[in-house]
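For reference, each letter of the sequence shown is one residue, going 4 to 299 in this note's numbering.
Source of the hints: derived by calculation from the structure; they are not laboratory data.
Just so you know, not all the hints are guaranteed correct.
As the list claims (entries may be wrong) - The calculated lysine to any residue pairs, modelled on SDA-like cross-linking and capped at a C-alpha distance of 25 Å, are:
(1) K180 with V169
(2) K140 with A128
(3) K180 with H200
(4) K140 with R231
(5) K227 with V144
(6) K53 with M22
(7) K180 with L152
(8) K53 with Q38
(9) K53 with A27
(10) K53 with D37
(11) K180 with R231
Keep in mind that this is a model prediction, so the values were computed, not measured.
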Amino acid sequence: MLTIDTDPLGLPAEAFETMPELAATLIRLLPRLDQPSPELTGMDAEARRKLSAWRSSEPNLRAIINRLANAHDPMVAQACLLLAQSIRYQAGRRDETLAAYIDALNYDRTNATVWEELTEYAAAAPHIPMLVDVFAKSPTVVRPALLPLLVAISDGHDRMGNLNLVKGPALRAALLKRAENQADQASIAYLAADAGHRAEMSGDLTAAAAAWRTAVTAGSTDAKVADRFTIWLVKQGEYAEAAHVLRQALTAPPAAVTVRQRLEKRLTRCEKPSPEKAADRTTGLDAAIAAPNPPW
């Protein structure tokens, strides 16, 4: 068997993998979303009525789509989504399904439902460059809904579960790299937080802290990040940084009262003068040694 070391070539190993036909088709269609969306300011009341009454005839639905598109009616996006949903499970309709989803997004770029359904459908034949391209084309406003699905795909926890789990870290790393290239701070915060929690679970607290710091720098207000990161910071004696992390998290107070109170109490301790903080850290023998008049 011939093996190739891809590192000297500066290319990722997946660049040499066979691209699934689904991925090739979607990558070919995605550039349509680089063009401006059509201006949709009209209305075709009759076409809307027919759309609301539509049940199963594909030719009728395509006729409705044409009418709505010709009228520049924004409901054309919903009609295209309906077409994709009606044919996605039919054998041999893969390319038409992808085209219908892209049509829907062409008319309505910020429809999170369409982005999620397209990504879920694409995950039937997961290909890292394709999934990263889908993420890159998506508007930042829909990414809070899209990222959890992409992370689930990386873990094999999506509906299909077809991604080789060995490739999960590569997908997450590629998503983070693309978010950094696009200066998408919210996505950086989400993905770095996820990386931090994974590192902590594996026992690598140094890597976890580095990832959490990246998340906080990107603006994370995630209470779990703040909680776990500041526990580590306090143990390192980094009270000023811990206080900053906690203040940032509390700008979006956690819904759980107990979590909020825990963060608030920790912030109060971190903001104490240094001698008081030192006293808080001393217990047992350390407290006795630190006392003005030791008991021995």
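- prompt: If you draw a straight line from the CA of K140 to the CA of R231, is it 25 Å or shorter?
  reply: 33 Å, violated
Given hint A128 paired with K140 - CA-CA distance at most 25 Å: Holds, because 19 Å separates the two Cα atoms, which is no more than 25 Å.
query: Holds or violated: K180 with H200, Cα cutoff 25 Å?
result: It holds: about 18 Å lies between the C-alpha atoms, which stays within 25 Å.
field: K180 paired with V169 [C-alpha distance capped at 25 Å]
entry: 18 Å, holds
field: Given hint Q38 paired with K53 - CA-CA distance at most 25 Å
entry: Not OK: K53 and Q38 at ~29 Å, beyond 25 Å, violated.
task: Verify the proposed pairing of K53 with A27, using a straight-line Cα cut of 25 Å.
output: 35 Å, violated
query: Within 25 Å, alpha carbon to alpha carbon, are K180 and L152?
result: 17 Å, holds
message: Hinted pair, alpha-carbon criterion (25 Å max): K53, M22. Please report holds or violated.
response: 40 Å, violated
- request: Quickly compare the C-alpha distance for K53 and D37 to 25 Å and report which way the hint goes.
  value: Distance ~31 Å between K53 and D37 Cα, so the pair is violated.
- prompt: Does the structure keep K227 and V144 at a Cα separation of 25 Å or less?
  reply: 23 Å, holds
message: Please verify whether K180 and R231 have alpha carbons no more than 25 Å apart.
response: OK: K180 and R231 at ~24 Å, within 25 Å.
Hints 4, 6, 8, 9, 10 from the earlier list are contradicted by this structure; the remaining hints agree with it.
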